[in-house]
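Visitor: Chain order of the listed sequences is X and U.
Letter 134 of the first sequence, counting from 1, is numbered 133 in numbering that gives the first Met the number 0, and no numbers are missing.
Letter 270 of the second sequence, counting from 1, is numbered 269 in numbering that gives the first Met the number 0, and no numbers are missing.
Treat the hints as calculated values from the structure; they're not laboratory data.
Ranges between beta-carbon positions, derived for each pair:
(1) U:140 with X:98: 28 to 38 Å
(2) U:135 with X:131: 39 to 49 Å
(3) X:166 with U:50: 32 to 42 Å
(4) U:300 with X:245: 23 to 33 Å
(5) X:12 with U:61: 50 to 60 Å
(6) X:173 with U:80: 43 to 53 Å
(7) U:57 with X:46: 46 to 56 Å
(8) X:32 with U:119: 12 to 22 Å
Just a few of them, taken from the derived set where beta-carbon distance is under 7 Å, the chain U residues facing chain X:
(9) 141
(10) 150
(11) 157
(12) 161
(13) 240
(14) 244
(15) 259
(16) 262
(17) 282
(18) 286
Simulated pairs of lysine to aspartate or glutamate, DMTMM-like, Cα-Cα distance not exceeding 20 Å:
(19) X:128 with U:38
(20) U:263 with X:165
(21) U:33 with U:300
(22) X:61 with X:35
(23) X:128 with U:297
(24) U:191 with U:300
(25) U:164 with X:35
(26) U:164 with X:277
(27) U:39 with X:131
(28) X:61 with X:48
Every value quoted in this text rests on a predicted model; they were computed, and no experiment measured them.
For glycine and all other residues, C-beta sits at the position ideal for the given N, C-alpha and C.
What follows is the residue order along each chain.
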Amino acid sequence: MNSSVNYIIRRLLYLIPVLLGVCALIFLLFNVVAGDPTALLLGKHASVEQMAELREQLGLNKSLFAQYLDVVKSAFTFDFGRSWSTKQQISSMIMQGAIPSLTLSIPAFIISTFTSIIFAVIVAYYRGKGIDLFIRVTCIAMMSISSLVYILVFQNVLAFQLGLFEISGYEYGFPNFLYYVSLPIIIWIVLSLGPDIRFYRTIILDEIYQDYVRTARAKGLSEKVILFKHVLRNAMIPILTYTVVQLPFLLLGALLLESFFAIPGLGGMTITALNSSDFPVLKAITILSAVAYIIFTLIQDILYTLVDPRVKLQ
Amino acid sequence: MFGQTTSADGILVNEVTAQAPVKKKSSLWYDAWKRLKRDKIAVASVIIVGLYALIGLLSALGIVAADWNQEVGPSYAAPFENWDYILGTDIFGRSVITKVIHGTQIAMSVGLVSSLIAIPIGVGLGAIAGYFGGKVDEVIVWFYTTVSSIPGIMLLMSIAFILGKGITTVYIALGLTSWVGLCRLIRGEVMKHKNREYVQAADAIGAGHTRKLLKHILPNVTHIVIINTSLQFQVAIKSEVILSYIGLGVSGQPSWGTMIDDAKLELARGVWWQLAGATVAMFLVVLAFNILGDALRDALDPKLKGKS
Numbered sequence: 000m001n002s003s004v005n006y007i008i009r010r011l012l013y014l015i016p017v018l019l020g021v022c023a024l025i026f027l028l029f030n031v032v033a034g035d036p037t038a039l040l041l042g043k044h045a046s047v048e049q050m051a052e053l054r055e056q057l058g059l060n061k062s063l064f065a066q067y068l069d070v071v072k073s074a075f076t077f078d079f080g081r082s083w084s085t086k087q088q089i090s091s092m093i094m095q096g097a098i099p100s101l102t103l104s105i106p107a108f109i110i111s112t113f114t115s116i117i118f119a120v121i122v123a124y125y126r127g128k129g130i131d132l133f134i135r136v137t138c139i140a141m142m143s144i145s146s147l148v149y150i151l152v153f154q155n156v157l158a159f160q161l162g163l164f165e166i167s168g169y170e171y172g173f174p175n176f177l178y179y180v181s182l183p184i185i186i187w188i189v190l191s192l193g194p195d196i197r198f199y200r201t202i203i204l205d206e207i208y209q210d211y212v213r214t215a216r217a218k219g220l221s222e223k224v225i226l227f228k229h230v231l232r233n234a235m236i237p238i239l240t241y242t243v244v245q246l247p248f249l250l251l252g253a254l255l256l257e258s259f260f261a262i263p264g265l266g267g268m269t270i271t272a273l274n275s276s277d278f279p280v281l282k283a284i285t286i287l288s289a290v291a292y293i294i295f296t297l298i299q300d301i302l303y304t305l306v307d308p309r310v311k312l313q
Numbered sequence: 000m001f002g003q004t005t006s007a008d009g010i011l012v013n014e015v016t017a018q019a020p021v022k023k024k025s026s027l028w029y030d031a032w033k034r035l036k037r038d039k040i041a042v043a044s045v046i047i048v049g050l051y052a053l054i055g056l057l058s059a060l061g062i063v064a065a066d067w068n069q070e071v072g073p074s075y076a077a078p079f080e081n082w083d084y085i086l087g088t089d090i091f092g093r094s095v096i097t098k099v100i101h102g103t104q105i106a107m108s109v110g111l112v113s114s115l116i117a118i119p120i121g122v123g124l125g126a127i128a129g130y131f132g133g134k135v136d137e138v139i140v141w142f143y144t145t146v147s148s149i150p151g152i153m154l155l156m157s158i159a160f161i162l163g164k165g166i167t168t169v170y171i172a173l174g175l176t177s178w179v180g181l182c183r184l185i186r187g188e189v190m191k192h193k194n195r196e197y198v199q200a201a202d203a204i205g206a207g208h209t210r211k212l213l214k215h216i217l218p219n220v221t222h223i224v225i226i227n228t229s230l231q232f233q234v235a236i237k238s239e240v241i242l243s244y245i246g247l248g249v250s251g252q253p254s255w256g257t258m259i260d261d262a263k264l265e266l267a268r269g270v271w272w273q274l275a276g277a278t279v280a281m282f283l284v285v286l287a288f289n290i291l292g293d294a295l296r297d298a299l300d301p302k303l304k305g306k307s
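Chain X with its partners taken away, still in its complex shape (with noise of 0.2 Å):
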């Protein structure tokens, strides 16, 4: 256990340089390779005393390095000022846009999660026959088209031509967000089944071909037993390790999907700011979103030393 503290205490130190870094890269970016916002901002016509004033205002006259600081302070504050466009404090916006986000990509994440690992369960099972080559086969397939068209045509047949969906106006409160969240988590399920099933399927043949499944089936197990009993608890490991990476992308919630169905969450925040060159903004996002990876890949890596035991520390 001693091993697993130091590790741990290591792997919390390692943030710092990460941060750091990822913050310079931020920096680099905005700051330096976007070059002067100001002429950008204020349109062809500004004088030269008004585009001044913004730079002070924007705190663009300071030093780089005193710019770069700015940028540390705010990953760790979460204050990231004020919006270009809507002139709105940065966090609140953000608080505003986690929610819809949320009602989105919680239900989708957890019901497309559980149906590839059935899919992956039932090709594992059958590998090599028909069904494994069928499934596996239309996961290909289903990952060959963009998923810019899936949105165009499902929004354009379920909800414009059959009006079965909502396609704008989302409300806020249970359960009247869900007859605006209910088709884009549809064609979330149908986007992330190709990539999922064969990402499940990959880690439950790693554990199917190890020595310990040769000793059960040696010893007289069936087939159902090995595979449920022994193989998807083992493989219960990497699925729920791979699962917590893919939190912070929740917040997020779908780019394209929340500013197609014109849900007021912090995906289409993003798009609406890059639309608008608000630059504060997809900085805020940037930051945030890198921050949560981090978090979350730490706590992964918690995790898989923790609850695998086999995995050595060092």
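Knowing the structure of chain X, use the given hints to seat chain U on it.
Guide: Just chain U now, kept in the frame of chain X:
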């Protein structure tokens, strides 16, 4: 070929094979090609990819689809009514099939150029990190951990947004966001290879770091680059569509992305042929790259066969 004969079994074996008449050509690449040939679907995928590459090349040279910008018929003419524009026309009366062909050029070039950017970065950093280890390795691992900590789509959008619209942006943004996976794989593989006997043998006859790395180790990890490139193409082609939707894609010329994006407004009017044309064209080549990626992995790295 590719340093195989001098490497894997060392000097002794070479002398033996030099004396005995060589019966059959056998190398990693030859064996892989034999394995790949047995798989009919993989061969079909190679043909499809080759065909698309040819169409892309012909279009780039201006031999086909150079007139994509020409008005050939009425606005939104339905498909299969006129041989001059068999897949119908777009809002400006331009032939959809010509646009699909020009889109092939864009798609293949996006895959190619982004790979050409990603491969040197990924292979270079990965090989250096894996070979030298120690502090150099730590810095490179830190660097790619940092890059991969920003979710791919956010990094892609940020880079594209900052560089501004256009095809060069698409190349650079996709190239700069897709080297990390390759870098990780190469690093791991080089680490495995650097202590193998053939590298020790090279060391014993006085090969320097550069020679050991470039002449001996890298040829043995090339298969990873090839498998990865096949997958990189399809990711790049799919990402181009997303970038087009958010207004950061190709501008001033048709691509599959802009055609699918146009369908946003067209579908409600019953105009489905631009979407269908671009989607079918894209489906075939992305499917081919997907199957080819899997088949190449099975052929070049048989240890992994049957997995995924």
